[in-house]
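Asks: Following the hints, complete the assembly by docking chain B onto the known chain A.
Now for the letters of each chain:
Protein chains: 2
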Amino acid sequence: MEYSIREATAEDMPSVLELIKELASFEKEASAVEVTSNDLVHDGFGPEKRFHCFVAETNTTIVGMALIYDRYSTWKGPIIHLEDLVVSEAMRGSGLGTALLNEVVKYCANQGVKRISWEVLDWNEPAINFYERKGAKVLRDWDVVHLDAQGIKNYLNNL
Amino acid sequence: MEYSIREATAEDMPSVLELIKELASFEKEASAVEVTSNDLVHDGFGPEKRFHCFVAETNTTIVGMALIYDRYSTWKGPIIHLEDLVVSEAMRGSGLGTALLNEVVKYCANQGVKRISWEVLDWNEPAINFYERKGAKVLRDWDVVHLDAQGIKNYLNNL
Numbered sequence: 001m002e003y004s005i006r007e008a009t010a011e012d013m014p015s016v017l018e019l020i021k022e023l024a025s026f027e028k029e030a031s032a033v034e035v036t037s038n039d040l041v042h043d044g045f046g047p048e049k050r051f052h053c054f055v056a057e058t059n060t061t062i063v064g065m066a067l068i069y070d071r072y073s074t075w076k077g078p079i080i081h082l083e084d085l086v087v088s089e090a091m092r093g094s095g096l097g098t099a100l101l102n103e104v105v106k107y108c109a110n111q112g113v114k115r116i117s118w119e120v121l122d123w124n125e126p127a128i129n130f131y132e133r134k135g136a137k138v139l140r141d142w143d144v145v146h147l148d149a150q151g152i153k154n155y156l157n158n159l
Numbered sequence: 001m002e003y004s005i006r007e008a009t010a011e012d013m014p015s016v017l018e019l020i021k022e023l024a025s026f027e028k029e030a031s032a033v034e035v036t037s038n039d040l041v042h043d044g045f046g047p048e049k050r051f052h053c054f055v056a057e058t059n060t061t062i063v064g065m066a067l068i069y070d071r072y073s074t075w076k077g078p079i080i081h082l083e084d085l086v087v088s089e090a091m092r093g094s095g096l097g098t099a100l101l102n103e104v105v106k107y108c109a110n111q112g113v114k115r116i117s118w119e120v121l122d123w124n125e126p127a128i129n130f131y132e133r134k135g136a137k138v139l140r141d142w143d144v145v146h147l148d149a150q151g152i153k154n155y156l157n158n159l
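Quick note, the sequences are listed as chains A and B, same order. Mapping to our numbering: the first sequence position 32 is 32, numbers consecutive. Mapping to our numbering: the second sequence position 31 is 31, numbers consecutive.
None of these hints come from the bench; they were simulated from the model. Heads up, a few of these hints could be off.
Said to hold, decoys possible - Subject to a maximum C-alpha distance of 25 Å in a straight line, what follows is the list of computed SDA-like cross-link-like pairs (lysine to any residue):
hint, chain 1, residue 1, chain 2, residue 2
1, A, LYS28, A, ASP122
2, A, LYS137, B, ASN154
3, B, LYS134, B, SER88
4, A, LYS49, B, ASP43
5, A, LYS134, A, ILE5
6, A, LYS134, B, LEU159
7, B, LYS76, B, ALA109
8, A, LYS134, B, LEU156
9, B, LYS21, B, THR61
10, A, LYS137, B, HIS81
11, A, LYS76, B, GLU119
12, B, LYS114, A, GLY151
13, B, LYS21, B, HIS81
Said to hold, decoys possible - If you want a taste of the chain A side facing chain B, the calculated C-beta under 8 Å gives, among others:
hint, residue
14, TYR72
15, LYS76
16, HIS81
17, CYS108
18, ILE116
19, SER117
20, LEU121
21, TRP142
22, TYR155
23, LEU159
We put the beta carbon where it would ideally sit given N, CA and C, even for glycine.
Bound conformation, chain A alone (with noise of 0.2 Å):
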């Protein structure tokens, strides 16, 4: 199969923004994406750079992105997150995931990072065998904890 991972530029974010929904669903939070396109381009290519992304194309049809940006850890310094790594169902098992996590890889490490970090699913066991395969730990001990939006209305009108 031929394909080729290149920079997103700010035409791709609609394509972007499918993916983004079929990971959500394939997570069973379609309901959660309120970004939407213009978001996107406004947050990855406006005047403050949020995030920076990576596409695989085949002819021309966007299949898959990986979006990552800047975090800081109190430990190592300037890290790197991997927000999504998602490859368009049809693709799956195509090598596109890896050669997505290539570049990502190879671009944290022209930054000087001391670590790349994400977030997976206890239960998305094929996402944990492929990181794991390919040298990450899964820190099974770390959970996630969010206050959102209507969590930090509750905690302000609680002070």
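Replies: Chain B alone, transformed into the frame defined by chain A:
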């Protein structure tokens, strides 16, 4: 007890580093802290501000801190991550953790973000109970994944 919460300055970074190390020891990872106070000054107060920090102070002693930075959710847009919320051991149970978290939530609400995220060790029941009382959700099915510095090196060597 008299205390004040204020924005951290570069001069606070040695004290903030002590609190970072205190938390890392509690998390059984004391040797994982590679950051120096010079790094914190550079990364928080240099040309590229990678984090925002609040400190809790009694008289002139810093006894707590909260360190946050921007992240990006492909579901919610700009969000803020709470990397560390630390109260010095001698001062725990004094309301300082709540006072620091209040400042963080007010700051995040002013920024208009739709989520505050953080991470917690699944055996740290006092922290989990504290966060849940504040309305946060501990997502026990989401695990944190790390590719560390050695993992990045190995990854590139295997390409």
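Asks: Indicate, hint by hint, whether the structure satisfies it.
Replies: Evaluation of the provided hints:
no.	hint	in the structure
1	LYS28(A) x ASP122(A)	holds, 13 Å
2	LYS137(A) x ASN154(B)	holds, 13 Å
3	LYS134(B) x SER88(B)	holds, 20 Å
4	LYS49(A) x ASP43(B)	holds, 18 Å
5	LYS134(A) x ILE5(A)	holds, 19 Å
6	LYS134(A) x LEU159(B)	holds, 10 Å
7	LYS76(B) x ALA109(B)	holds, 14 Å
8	LYS134(A) x LEU156(B)	holds, 10 Å
9	LYS21(B) x THR61(B)	holds, 17 Å
10	LYS137(A) x HIS81(B)	holds, 21 Å
11	LYS76(A) x GLU119(B)	holds, 16 Å
12	LYS114(B) x GLY151(A)	holds, 9 Å
13	LYS21(B) x HIS81(B)	holds, 19 Å
14	TYR72	holds, 5 Å
15	LYS76	holds, 6 Å
16	HIS81	holds, 7 Å
17	CYS108	holds, 7 Å
18	ILE116	holds, 4 Å
19	SER117	holds, 6 Å
20	LEU121	holds, 6 Å
21	TRP142	holds, 4 Å
22	TYR155	holds, 5 Å
23	LEU159	holds, 6 Å
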